[in-house]
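Number of protein chains: 2
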Amino acid sequence: MLKATFKSAVLCIAALSVFTAQAQYLNETEQQQINALEQTALNSTLAYQIEESLTTEVGARMIGTEGDKRAIAWAVEKMNALGFDKVWTEEVGHYQWIRGDVEAKVLVPFAHDIKAIALGESVGTGDKGIQAEVVHFNTMADLEAAKPGSLTGKIAFVSYRMQRFKTGKGYGKAVGARVNGASVAAEKGAVGFIMRSVGTDNNRLGHTGVLRYKEQVKRIPAVALSNPDADLMVNIFKRNKPVEFFLKVTALRNEIVATKGANVIGEITGSELPEQIVALGAHLDSWDVGTGAIDDGLGVSMVMAATAHIAKLAERPKRTIRVILFAGEEVGLLGAEQYIIDHKDNLKNHVIGVEWDFGLGKIYSMQSGVGEKALPAVAELATYLESLGVAYNKGNKARGQSDMGAVTDKGVPAMNFSPDGTTYFDIHHTENDTLDKVNAKDLQQNTAVYTVFAYFAAQAGVDFRK
Amino acid sequence: MLKATFKSAVLCIAALSVFTAQAQYLNETEQQQINALEQTALNSTLAYQIEESLTTEVGARMIGTEGDKRAIAWAVEKMNALGFDKVWTEEVGHYQWIRGDVEAKVLVPFAHDIKAIALGESVGTGDKGIQAEVVHFNTMADLEAAKPGSLTGKIAFVSYRMQRFKTGKGYGKAVGARVNGASVAAEKGAVGFIMRSVGTDNNRLGHTGVLRYKEQVKRIPAVALSNPDADLMVNIFKRNKPVEFFLKVTALRNEIVATKGANVIGEITGSELPEQIVALGAHLDSWDVGTGAIDDGLGVSMVMAATAHIAKLAERPKRTIRVILFAGEEVGLLGAEQYIIDHKDNLKNHVIGVEWDFGLGKIYSMQSGVGEKALPAVAELATYLESLGVAYNKGNKARGQSDMGAVTDKGVPAMNFSPDGTTYFDIHHTENDTLDKVNAKDLQQNTAVYTVFAYFAAQAGVDFRK
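Order-wise, the sequence lines are chains A and B. Numbering that gives the first Met the number 0 puts the first sequence at residues 0 to 465. Numbering that gives the first Met the number 0 puts the second sequence at residues 0 to 465.
What the hints contain is simulated information worked out from the structure, not anything from laboratory work. The structure presented is a predicted model; accordingly, all values stated were derived computationally and were not measured. Check each hint, because a few of them may be wrong.
Where chains are identical, the list cannot tell them apart; a pair therefore holds if satisfied intra-copy or between any two copies.
Claimed, not checked - Restricting the straight-line Cα-Cα distance to at most 25 Å, the calculated cross-link-like pairs of lysine to aspartate or glutamate (DMTMM-like) are: (1) K465 to E132; (2) K237 to E371; (3) K153 to D462; (4) K247 to E102; (5) K104 to D435; (6) K104 to E65; (7) K127 to D435; (8) K165 to E371; (9) K247 to D126; (10) K85 to D441; (11) K165 to D435; (12) K436 to D112; (13) K153 to E56; (14) K393 to D408; (15) K237 to E65; (16) K440 to D230; (17) K68 to D112; (18) K343 to E186; (19) K187 to E51; (20) K247 to D100; (21) K165 to D344; (22) K247 to D84; (23) K343 to D112; (24) K127 to E102; (25) K237 to E51; (26) K213 to E274; (27) K153 to E385; (28) K217 to E56.
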């Protein structure tokens with residue numbers, strides 16, 4: 000008992016000292032406000048309702064598709080309904096790509112149907128498909144090391160297995176094959192490229208995701224096998240017999256057909272410094288598989304709900320809070336690139352940017368990417384987030400995620416919140432990206448973090464550049 | 000310390016008393032033998048190797064397909080290679096059914112692609128598909144209560160959600176819709192039947208499984224939606240707007256085209272009572288999705304490995320151990336029915352039967368279905384299984400699983416082993432039924448249980464009928 004009491008007393012003194020030493024950016028009323036906002040977000044189902052609405056009433060929304068058009072209309076309507084002060088769209092152009100279907104089979108030595116999905120923006124095989132021997136590589140490095148011409152007329156198969164981490168860092172090592180594998184294989188003569196999915200699950204669902212064709216290299220069709228199918232292929236290769244494969248991909252890449260998407264932007268206007276913008280990003284587009292609940296419905300719901308909570312206060316915070324729902328993130332940050340062009344003269348007024356485009360668990364860590372003089376303010380923000388279980392990582396090396404990364408690379412200060420990403424790559428870019436994967440409690444915590452951050456950044460008047 | 004020592008002593012005395020009171024069916028040498036067999040099975044990778052071989056070299060094997068033919072040849076070859084004394088096949092006939100593809104969409108009020116799979120032996124829709132309004136029922140009972148004619152020209156949707164249990168008992172309440180839903184809906188005028196999958200997962204993969212069309216009722220196409228898609232439909236229905244659906248099923252049910260499968264049977268011949276048969280069952284066929292790793296590759300691997308372990312003893316046990324790999328279980332116990340016909344005069348010599356066709360975790364319980372006088376022998380068997388964590392359920396109401404249930408219904412005594420089935424219905428009848436779902440450690444325990452049982456039943460000479 001004594002020990003416990005003593006410990007409480009120490010904690011109490013520590014808390015007081017934090018309060019007195021660091022609480023200089025928000026006054027007492029504002030502190031009550033930020034704590035009340037945290038509780039509002041923690042107890043609100045608004046973010047989940049937005050998520051349910053987006054996935055139910057819109058669903059899949061790849062840039063340029065009918066789903067994307069509906070998503071844009073949905074976002075405009077929703078932001079208006081939530082009480083945003085201004086809502087508008089800014090056009091983002093792309094070309095047509097149609098996924099089509101994949102038919103994949105092992106023909107020899109053992110007949111198997113193989114579940115696979117076209118990599119994003121892959122070319123097709125033509126109606127007859129490809130029949131060819133498969134050459135197996137354990138890693139992308141092994142494929143890169145293959146001799147010129149050694150894959151002539153063959154299909155290259157990279158079976159690298161992505162590793163699972165809370166931080167999601169296994170993605171970086173795995174994604175190179177998806178982005179570059181087809182062109183590397185084609186340079187050595189391959190007629191097709193197949194790979195183990197960039198994902199940590201064992202479902203019979205391939206993970207899509209965009210590829211990049213190198214210029215001057217023949218474009219060959221590229222697909223990701225579901226992970227159990229990749230396992231099967233590896234087991235077949237253990238028999239040391241030639242493996243004959245059939246691959247038909249009906250994808251169509253029509254670069255001469257223009258399509259359109261749009262960044263959807265909504266604001267609550269600052270009461271004192273309306274020209275200064277706190278930017279909350281997410282991407283509105285999804286792949287054309289699943290309903291984009293996690294990638295990036297979570298981000299969309301969170302930034303809209305956080306802003307809506309703040310919009311319900313009696314007064315607007317000093318600065319403007321701008322929600323940017325980027326277009327065409329999945330096919331290459333198209334919306335971010337367009338945003339940077341459209342707002343190039345105004346990026347200096349973007350005081351800080353944050354995005355959610357990763358993970359689906361609780362946020363456990365915050366890191367800034369700001370000027371040194373702003374660090375005490377970040378430390379104060381961290382104290383408001385402690386009760387939400389968010390630790391303060393003082394590295395100060397953050398850049399924004401995804402789209403916001405492109406924006407902050409242009410000199411806009413960044414904040415980054417790290418959620419638990421342990422299971423994110425089970426779902427990422429698959430048909431399994433659906434509403435049932437959303438944990439409503441975690442979404443409340445995530446939204447509370449974004450709400451607290453947005454209020455602080457908009458109200459405290461900190462120059463995060465300095 | 001004192002307490003612990005005292006407890007050990009009590010346990011020790013208890014163990015001794017069990018030994019002296021019940022160990023009357025196996026002599027000391029045989030007891031050493033059964034314990035050694037248990038250790039052999041626990042340390043052996045044989046069952047896993049068989050499983051890997053079946054799923055890699057054969058894969059999906061629905062009755063009548065090329066995969067099934069390869070499975071039959073594989074099973075004959077494997078049993079011979081494992082040292083079985085006799086191996087043969089017995090033909091089982093069926094008709095042709097081809098799964099084809101399903102194209103399913105919600106058209107109104109929100110366009111969505113829906114993932115679904117044809118129920119086993121469903122008819123197709125024709126090339127144009129069906130476009131119709133959907134009527135939603137929460138349960139099969141609600142569908143049954145619908146007024147005659149109330150579904151004329153419509154698609155019936157049952158959204159009942161199967162519950163998860165260790166015993167798998169949620170299946171019984173859920174499967175009625177799959178078996179009978181199409182005909183019940185058709186009786187009320189429906190042109191199509193869609194349902195939430197009979198499964199406990201949330202993957203975008205439907206669960207197939209056989210349906211039964213009632214005689215004199217129009218046969219309508221029937222599909223199972225993946226569970227996330229069923230959730231989506233339920234959420235759409237919450238908007239209280241008419242739901243328009245498109246369904247195209249290219250399945251073909253050709254009852255005039257005969258197909259063939261076979262029961263594959265292998266024995267190690269009894270050294271003293273060769274005419275007396277201990278029957279170990281599993282089914283060789285699978286659905287045409289996945290590689291049938293769990294359903295019923297596990298059973299196939301286990302009964303083959305258990306028998307192979309016993310075949311390596313210096314002497315054959317007294318009775319014959321017969322492995323029966325049944326044909327066409329999935330489409331309605333066809334192999335079991337044929338076996339009962341082919342062996343009707345010899346069922347009296349089947350001293351006991353057991354099958355594995357459920358679950359994928361450790362076995363935690365044993366229950367017999369034998370004559371009362373045989374119960375002391377079962378109790379002794381239970382003592383040999385204690386070290387494997389198998390509790391003795393004294394209910395004595397077991398019938399065999401699946402095929403062996405049909406056999407034991409003809410008067411053959413039964414044993415039943417209950418494995419942990421918590422996750423079984425995540426995978427059951429889906430594309431996800433693949434090798435990666437097999438837990439090699441659990442398979443060792445399972446195989447050890449079957450090995451111990453088979454040796455005991457073959458060696459102890461108990462009349463399980465009395």
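Practice prompt. Please flag the earlier hints that this structure goes against, numbers listed from lowest up.
Written response: Checked against the structure, the hints that fail are numbers 1, 2, 3, 7, 8, 10, 18, 19, 21, 22, 23, 26, 27, 28, while the rest are satisfied.
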